[in-house]
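Student: Here the protein sequences line up with chains G and R, keeping their order.
Here this note's numbering is used: the first residue of the first sequence is 1, the next is one more, and so on.
Here this note's numbering is used: the first residue of the second sequence is 120, the next is one more, and so on.
One or more of the hints may lead you astray.
Stated by the list, open to error - Derived DEER-like restraints, expressed as beta-carbon distance ranges:
no., chain 1, residue 1, chain 2, residue 2, range
1, R, 288, G, 117, 39 to 47 Å
2, R, 241, G, 4, 35 to 43 Å
3, G, 113, R, 139, 49 to 57 Å
4, G, 102, R, 138, 37 to 45 Å
5, R, 121, G, 5, 32 to 40 Å
6, G, 26, R, 162, 48 to 56 Å
As the list claims (entries may be wrong) - Derived SDA-like pairs: lysine to any residue, alpha-carbon spacing no greater than 25 Å straight-line:
no., chain 1, residue 1, chain 2, residue 2
7, G, 118, R, 124
8, G, 107, G, 95
9, G, 118, R, 121
10, G, 118, R, 126
11, R, 158, G, 118
12, G, 107, R, 199
13, G, 106, R, 201
14, G, 107, R, 198
15, G, 118, R, 123
16, R, 158, R, 313
Claimed, not checked - Reference excerpt, derived from the structure (chain G facing chain R, CB under 10 Å, subset only):
no., residue
17, 1
18, 72
19, 76
20, 118
Derived from the structure by calculation, the hints contain no laboratory data.
Keep in mind that this is a model prediction, so the values were computed, not measured.
C-beta atoms are modelled at their ideal positions from N, C-alpha and C, and glycine is treated no differently.
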Amino acid sequence: MMSNVVLATGLVLILIGLWGMLTHRNILRIIIAFSLIGTGTHIVIVAIGYVTNGTAPIIDRALTLLEAPARAVDPIPSALVVTAIVIGLAVTAVMLAYAIRLYESKKTLSIDAFTESKW
Amino acid sequence: MRRAFVVLVVVLFGLVFTSLVIAHNERHSLRPLAESYVKLVPQELGAPNVITGILLTYRAFDTLGEVAVLFMVAAGVGLVLGASNKRRKSSPRKVVETARLSSEIVQSGAQILAPLIAIFAAYIIMNGHRSAGGGFQGGAVIASGVLLLVLASTRYRIDLEFLSMTESAAGVLFVLTGIAGLIFAGGFLDNRMLPLGQFGAFFSAGAIPILSVLLGVKVGCELSVIIDRFRA
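Sequences and hints are given; from them, build the entire structure.
Tutor: Right under this line is the structure:
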């Protein structure tokens, strides 16, 4: 039940990002929308790994070694998301760098000004 | 017309996503692969944090590749933004001098917070194998401290030479640790080349703390370099 709510939240975030990407003309806003899609995807991946009544897969006093397989959530999506967050940051940095160069060439951030790469 | 098209696309995706949410069944037990990870990481690797065990031993090769991606991004951002900096070479000093100084509160706050952020980052990195934390997270915290310093003082200059040296050294040591795993243990980046120690102790889980520190230093340096590239 709980993971359904989280899953729905992540998917709504992806939809918001998609809508923002398609409607806005400013490059910075498109980049923000892209980051929203990325964040939504991370939430979806984590939600898929949830196990009912599960807790973080860290063995300590709260979660002993014996009961870990029964009570821990899936560690693989979490490990994937750690990776995905860092790569998402890297992609955002490259996009922002290109946005700076595009602004220098046309003195505007509106994608309507960049018609030469339009097909 | 355009608006209608956008609404159509979003609604169609919404329908697909709704069917996904309705069809999603929460699992009541772990998948076989996840179950073996949860069992094997504490037993074989001696690390209480299963995720760190996966990231730094079973999937450590992926982590190495990911750090390489970060390095390429730092180099790529430098390539894209570097030429423009050269063209404006006549003005950077002027930009620094005319830039609005940050307020007293931000400056004093940064002076107090910067050491605390550094200590917190070290704590996160060193506890990666015992509790929530690890190299990536700690490295990001280091970079956030650098960002705070950059925001607080326009005159603050990052020593890029030092950062690139540290970053390269950490990368070389990471690969050398991996090769040591190949020689002294079961394979590339195998953490069992060092004694596993007492379960849950500070110095335990073999080479995972070492790899965690190297990863944290490397990620922190790379993200700091990326932040510095975006200055005028």
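Student: Hints first: check each against the structure and report whether it holds.
Tutor: Hints, verified against the model:
1. R:288 <-> G:117: 39 to 47 Å: Given about 41 Å between the Cβ atoms, the range holds.
2. R:241 <-> G:4: 35 to 43 Å: For residue 4 of chain G against residue 241 of chain R, whose Cβ atoms are near 39 Å apart, the range 35 to 43 Å holds.
3. G:113 <-> R:139: 49 to 57 Å: With Cβ atoms ~38 Å apart, the hint is violated.
4. G:102 <-> R:138: 37 to 45 Å: holds, 38 Å
5. R:121 <-> G:5: 32 to 40 Å: holds, 33 Å
6. G:26 <-> R:162: 48 to 56 Å: The hinted range 48 to 56 Å holds for residue 26 of chain G and residue 162 of chain R, with Cβ atoms some 53 Å apart.
7. G:118 <-> R:124: With Cα atoms ~19 Å apart, residue 118 of chain G and residue 124 of chain R stay inside 25 Å; holds.
8. G:107 <-> G:95: Holds, because 17 Å separates the two Cα atoms, which is no more than 25 Å.
9. G:118 <-> R:121: holds, 16 Å
10. G:118 <-> R:126: Distance ~22 Å between residue 118 of chain G and residue 126 of chain R Cα, so the pair holds.
11. R:158 <-> G:118: The given pair, whose Cα atoms are some 53 Å apart, is violated under the 25 Å limit.
12. G:107 <-> R:199: holds, 17 Å
13. G:106 <-> R:201: holds, 18 Å
14. G:107 <-> R:198: holds, 20 Å
15. G:118 <-> R:123: The hint holds at about 21 Å.
16. R:158 <-> R:313: Answer holds: residue 158 of chain R to residue 313 of chain R is near 21 Å, not above 25 Å.
17. 1: holds, 7 Å
18. 72: Holds, about 5 Å.
19. 76: Given a least distance of 6 Å, the restraint on residue 76 of chain G holds.
20. 118: violated, 14 Å
The structure fails to meet hints 3, 11 and 20 from the earlier list, while all remaining hints are met.
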